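*Asks:* Since each chain comes alone in its own frame, lean on the hints to assemble the complex.
Residues per chain are reported as follows:
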Amino acid sequence: KQEVTQIPAALSVPEGENLVLNCSFTDSAIYNLQWFRQDPGKGLTSLLLIQSSQREQTSGRLNASLDKSSGRSTLYIAASQPGDSATYLCAVFGSIGAGKSTFGDGTTLTVKP
Amino acid sequence: SQTIHQWPATLVQPVGSPLSLECTVEGTSNPNLYWYRQAAGRGLQLLFYSVGIGQISSEVPQNLSASRPQDRQFILSSKKLLLSDSGFYLCAWRGNYNSPLHFGNGTRLTVT
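Residue numbers (my numbering), protein chains in the order written: chain S, 455 to 567; chain W, 3 to 114.
Pulled out of the complex, with its shape left as it was, chain W reads as follows (with noise of 0.2 Å):
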């Protein structure tokens, strides 16, 4: 069965500090892949997705990127955190169009 990883749980960062958060799917193989974010009580905003390595779309220009080095590995970077950074980050997959979204179980970032 297909499983996804998302690392780490929390994270405490100062202002002006980069991030790099990980994502990695099991038991599948090329999968589309999603970075979401979820401000407090509120839906999610898409931020980026994947349908190939190397193949990145940005929904929302902002302080961050992605990359996806492998086949199911999925990264979420900055170079420098903002305090409106701050939020909880899900990574998501699913097969095709015609398939469930997955989730993780997220990444709760404090930007300090």
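Isolated chain S (complex conformation) (with noise of 0.2 Å):
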């Protein structure tokens, strides 16, 4: 059964820092990894997608990097603004089709002016 674990549980930095999450898997059998972001009492956002043949993805301030071999992936979000204070979820898919998915608990970010 696949496990997801994200660490910290919460991060607080202050304004400009940049800084990385963590996200590990248990079972490296994954067809992809996304990561969201989740704004409370809201959905979820996607942020990144990383198929299983990839290394990494970037967007803006964002990078996210996957390594299926030893179960991890991280998101690294450079010169981290307020706004970017949310809590960041990992999923992993671990089957082609409808694809049935394993989330973490996320992390929850706090950027202090």
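Certain hints may be false.
[To be verified] To list a few chain W residues with every Cβ distance to chain S over 10 Å, as calculated:
1. Q15
2. L85
3. L92
[To be verified] Here are the computed lysine-lysine pairs in the DSBU-like style, where the Cα-Cα straight-line distance is at most 35 Å:
4. S:K496 <-> S:K522
5. S:K522 <-> S:K455
6. S:K455 <-> W:K81
7. S:K566 <-> S:K496
8. S:K522 <-> S:K554
9. S:K522 <-> S:K566
10. S:K455 <-> W:K82
11. S:K496 <-> S:K455
12. S:K496 <-> W:K81
13. S:K554 <-> W:K81
14. S:K554 <-> S:K496
15. S:K554 <-> W:K82
16. S:K496 <-> W:K82
17. S:K554 <-> S:K455
[Said to hold, decoys possible] Chain S side only, calculated, beta carbon under 7 Å to chain W, not exhaustive:
18. Q488
19. G497
20. L498
21. S500
22. S555
23. F557
24. G558
25. D559
These are calculated hints, taken from the structure and not from any lab test.
Computed from a prediction, not measured in an experiment: that's the story for all the values here.
Quick reminder that beta carbons are idealized off the backbone N, C-alpha and C, glycines included.
*Replies:* Here's what the structure looks like:
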């Protein structure tokens, strides 16, 4: 059974700092991995999708990497801003087709002005 | 562009009452559709997914059921709600297994 772990559960940083969020998974037989952002009381917003054959994806100040063999992914946020404060979740999709997904519990990020 | 609509945003229902949550997707055809539940401070639990009209796969046996009467409509139902059904319910879609998953804004259900 796939398990996804995100450490730390919470992170507080000053504005402007570069930071890394971690996601680890137990079964490396994944099809792809996706990072999301969730604001309080809201749905999830897709940030980056990495296919299993890819090593990284970039969008603006965000860069996500994937090391399937070691069961790890990181989300790098450059020059953090207070607007980046949210909970960040990663999800792995383990099979072709509709794709059964397993989500981590998320890392809650606070960026202080 | 594609959009996903989910309603209602909040719902308070007594124990034993029925439930119907609706989700529709616009701007795409034959999407894969999903229902998730999120417990407070936790990750998401996949409840149901559908790859086509009338095709429903259940991930967790429970008090809930799902239906897909039209290509872009996904409904989550219950005949009799339990206290443990309280939570944040999220509908999601994606085009295929290479596409990103997109979520609606969610429904906060409180069973009293």
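*Asks:* Now look at each hint and say whether the structure bears it out.
*Replies:* Checked hints:
The beta carbon of Q15 (chain W) is kept farther than 10 Å from every beta carbon of chain S, the shortest such distance being approximately 19 Å. Every beta carbon of chain S lies more than 10 Å from that of L85 (chain W), the smallest distance being close to 21 Å; the non-interface claim holds. Distance check on L92 (chain W): its Cβ comes as close as 6 Å (rounded) to a Cβ of chain S, failing to clear the 10 Å threshold; non-interface status is violated. Among the hinted pairs, K496 (chain S) with K522 (chain S) is consistent with the structure: their alpha-carbon atoms are about 30 Å apart, no more than 35 Å.
A threshold of 35 Å between alpha carbons decides the hint, and for K522 (chain S) with K455 (chain S) the separation of about 16 Å falls inside it, so the pair holds. Between K455 (chain S) and K81 (chain W), the direct Cα distance comes to roughly 31 Å. Compliance with the 35 Å bound is thereby established for this hinted pair. Restraint check for K566 (chain S) and K496 (chain S): the C-alpha separation of about 21 Å stays at or below 35 Å, so the hint holds. Distance restraint check for K522 (chain S) and K554 (chain S): the Cα-Cα separation of roughly 17 Å lies within the 35 Å cut-off, and the hinted pair is therefore satisfied.
Proposed proximity of K522 (chain S) and K566 (chain S) is supported: the alpha carbons are some 33 Å apart, at most 35 Å. Between K455 (chain S) and K82 (chain W) the CA atoms are separated by roughly 31 Å; this keeps the pair inside 35 Å, and the hint holds. Between K496 (chain S) and K455 (chain S) the CA atoms are separated by roughly 28 Å; this keeps the pair inside 35 Å, and the hint holds. Taken as a hint, the K496 (chain S) and K81 (chain W) pair is honoured in the structure, with Cα atoms around 27 Å apart against an allowance of 35 Å.
Our distance criterion of 35 Å between C-alpha atoms is met by K554 (chain S) and K81 (chain W), whose separation comes to about 26 Å. With a C-alpha separation of about 22 Å, the suggested pairing of K554 (chain S) with K496 (chain S) holds against the 35 Å cut-off. With a CA separation close to 27 Å, the supplied pair K554 (chain S) and K82 (chain W) stays within the 35 Å bound. Annotation: proposed proximity of K496 (chain S) to K82 (chain W) holds, straight-line Cα distance about 26 Å (limit 35 Å).
Between K554 (chain S) and K455 (chain S) the alpha-carbon distance is near 11 Å, which keeps this suggested pair within the 35 Å criterion. A least Cβ separation of about 6 Å between Q488 (chain S) and chain W falls short of the 7 Å threshold, and the interface hint therefore holds. Hint on G497 (chain S) holds. Least Cβ distance to chain W is approximately 4 Å, under the 7 Å limit. The beta carbon of L498 (chain S) comes within 4 Å of a beta carbon in chain W, closer than 7 Å, and the hint placing it at the interface holds.
Against a cut-off of 7 Å between C-beta atoms, the interface hint on S500 (chain S) holds, since the closest Cβ of chain W lies about 5 Å away. Annotation: S555 (chain S) was flagged as interfacial toward chain W, and the flag holds, the nearest CB pair being 6 Å apart, inside 7 Å. Checking F557 (chain S) against chain W: minimum C-beta separation of about 4 Å stays under 7 Å; hint holds. Using the Cβ-Cβ criterion of 7 Å, the hint placing G558 (chain S) at the interface with chain W is satisfied: the shortest such distance is roughly 5 Å.
Of the supplied interface hints, the one on D559 (chain S) holds, with its beta-carbon coming within about 5 Å of a beta-carbon of chain W, less than 7 Å.
In summary, the one numbered hint that this structure violates is 3.
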